[in-house]
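Fit chain B to the supplied structure of chain A, relying on the hints for placement.
Protein chains: 2
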Amino acid sequence: MVSDYRCFFCFTKSYENLLHRLEIPVDTKNTITCEMAKLYTQQFEEFHAPTYSRALREMLYTHIGKQDMYIQQKKDSNALALSLYNTYKQQVLHSDTPFDTAVRLAVAGNIVDFGISHSFDLELTIQHVLQTPFALDCVKELYDDIAKAQTVLYLGDNSGEIVFDKILIETMMHNTVFFAVRGAPVLNDVTIDDAMLVGMDTVSDVISNGYDAPSTVLEYASDEFKEIFNKADVIISKGQGNLEGLYSLEQKNIYFLLMVKCDVVAELLGVKKGDFVVTKHN
Amino acid sequence: MVSDYRCFFCFTKSYENLLHRLEIPVDTKNTITCEMAKLYTQQFEEFHAPTYSRALREMLYTHIGKQDMYIQQKKDSNALALSLYNTYKQQVLHSDTPFDTAVRLAVAGNIVDFGISHSFDLELTIQHVLQTPFALDCVKELYDDIAKAQTVLYLGDNSGEIVFDKILIETMMHNTVFFAVRGAPVLNDVTIDDAMLVGMDTVSDVISNGYDAPSTVLEYASDEFKEIFNKADVIISKGQGNLEGLYSLEQKNIYFLLMVKCDVVAELLGVKKGDFVVTKHN
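Top to bottom, those sequences are chains A and B. Note that the numbering used here gives residue 137 to position 137 of the first sequence, counting from 1, and the numbers run on in steps of one. Note that the numbering used here gives residue 1211 to position 211 of the second sequence, counting from 1, and the numbers run on in steps of one.
So that you can see chain A by itself, here it is in the shape it has in the complex (with noise of 0.2 Å):
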């Protein structure tokens, strides 16, 4: 399995987090609580963190009704990164290697489910990134499958970061583009709302992929989903919900676009957490 321990861990602290903030009573926390325990248990044999993910939330979902519980945050991220499009656009049309600032751009926005509410914090990222190497970095190859591409499907991940997938999209300058977005709101994931918000429309077909937990998982994606993955030539997936889905695919067509965020998905890569990477199977 990619995840290990490690991502229950991750699991307890966002949710002892979550359960700080919510004004419901000390009896229902302990029970969601120990539900959480009891979850993790069932299905440690396949433990897949995107699925726990998925399972967490319906757990939650039966105790304090079902809720788009990040909306604020999603609203608030995606006016953030659109504030600041322009700044980033004319940096990449100016740029001499523009497809290269534009996967810099749309890497940097990985940071977004982090620092939502700190607009210096993303624009130092940015800064970042645009000067730091990437530790995996298959750039090149990826502009050239693109140029060569009947077909591109581009997975997104967060609100306010798809500000930036939509600027790389823009760049790549490729007729046939579809962006995917999750099936219902989970975390501060990107949805047809959010696609919409920042018309990402007006530059691809925006898709569903039929499935609401913050990964990819194509066991559960819906039909019209999978026949576009499966004739897509290349497929970028954005962040490392994405990863987490997909790696264990091993397709050779998959570029992985991210800010490697946690010790799992780095020793996964061979790389640092708070490494940048542009990776794919070889």
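Quick caveat, the hints were computed from the structure, so don't treat them as lab data. Some hints here could point you the wrong way.
Claimed, not checked - Here are the in silico distance ranges between beta carbons for each label pair:
id : chain 1 : residue 1 : chain 2 : residue 2 : range
1  : B       : K1272     : A       : L218      : 49 to 57 Å
2  : A       : E219      : B       : T1062     : 49 to 57 Å
3  : A       : D137      : B       : E1045     : 51 to 59 Å
4  : A       : N17       : B       : H1063     : 24 to 32 Å
5  : A       : M59       : B       : I1064     : 30 to 38 Å
6  : A       : D121      : B       : Y1061     : 41 to 49 Å
7  : B       : I1064     : A       : Q67       : 38 to 46 Å
Stated by the list, open to error - Lysine-lysine pairs mimicking BS3-like chemistry, simulated, CA-CA at most 25 Å apart:
id : chain 1 : residue 1 : chain 2 : residue 2
8  : B       : K1273     : A       : K29
9  : B       : K1013     : A       : K273
10 : A       : K13       : B       : K1038
11 : A       : K261      : B       : K1029
12 : B       : K1261     : A       : K13
13 : B       : K1261     : A       : K29
14 : A       : K38       : B       : K1029
Claimed, not checked - Not everything, but these chain B residues come out facing chain A in the computed CB check (under 7 Å):
id : residue
15 : D1004
16 : Y1005
17 : F1008
18 : F1009
19 : F1011
20 : T1012
21 : P1025
22 : V1026
23 : K1029
24 : N1030
25 : Y1040
26 : T1041
27 : F1044
28 : H1048
Heads up, the beta-carbon is just placed ideally off N, CA and C, and yes, glycines get one too.
Same frame as chain A, but now just chain B:
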């Protein structure tokens, strides 16, 4: 229950750190983490942090063998505290209110499980406690009750910390003091070895509570310990662990001396995390 869901998250953080340090295969770490979650679900209805802590350790031993994992940490904290003994003993001797000063030092000693290797932290904490009003202050009642008591039972908490407990016991100048240690090594809690190392046997009768939870759990204590517990006129319970085991008894002769280290205990006592407390049931 005194313990609630937050205690579980406290354990997960502690075990994440522990597993990070242990040089064992990742599969074993996965299994330990799963069993940790499973034990929580099994004990959930009567969740009690000291009992869970003990069960976790037993489970851990089945994977890594029985061992005193904190032996070096205990040696270091004893050595650190002993190096400060003369300074603070003199301070008590020259104090206008020696008992109050000694109680404050004993409460300050309760920081030890946080900052083992940082003598600066310990000394800074001592200065802080010496100048800060107790959030709950039963020092005067404690003094009076000790003066009237035939037998005093002092429940030790952590290694290192016991050097300050020793100063308090010396300052009591009482003929019949029993100092209780854990029945076996558990975390950095005080054992017979620690008590002997700091010379606790020269100022009190050192006894074991006969059980290896990081607390005092009467249900599982030895008959000898229970006999002394029941006949003691004053019981001094150091630290959160002992409080978690004893607070539900609502006995009026138990004084709880501690630094409040988490929100769960803070809420129970109606104080704030970080507060210094000398209290008892009224």
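Outcome of the hint check:
no.	hint	result
1	K1272(B) / L218(A): 49 to 57 Å	holds (50 Å)
2	E219(A) / T1062(B): 49 to 57 Å	violated (35 Å)
3	D137(A) / E1045(B): 51 to 59 Å	holds (54 Å)
4	N17(A) / H1063(B): 24 to 32 Å	holds (29 Å)
5	M59(A) / I1064(B): 30 to 38 Å	holds (32 Å)
6	D121(A) / Y1061(B): 41 to 49 Å	holds (44 Å)
7	I1064(B) / Q67(A): 38 to 46 Å	holds (43 Å)
8	K1273(B) / K29(A)	holds (20 Å)
9	K1013(B) / K273(A)	holds (19 Å)
10	K13(A) / K1038(B)	holds (18 Å)
11	K261(A) / K1029(B)	holds (21 Å)
12	K1261(B) / K13(A)	holds (18 Å)
13	K1261(B) / K29(A)	holds (21 Å)
14	K38(A) / K1029(B)	holds (18 Å)
15	D1004	holds (6 Å)
16	Y1005	holds (4 Å)
17	F1008	holds (5 Å)
18	F1009	holds (4 Å)
19	F1011	violated (9 Å)
20	T1012	holds (4 Å)
21	P1025	violated (11 Å)
22	V1026	holds (6 Å)
23	K1029	holds (5 Å)
24	N1030	holds (5 Å)
25	Y1040	holds (5 Å)
26	T1041	holds (5 Å)
27	F1044	holds (5 Å)
28	H1048	violated (13 Å)
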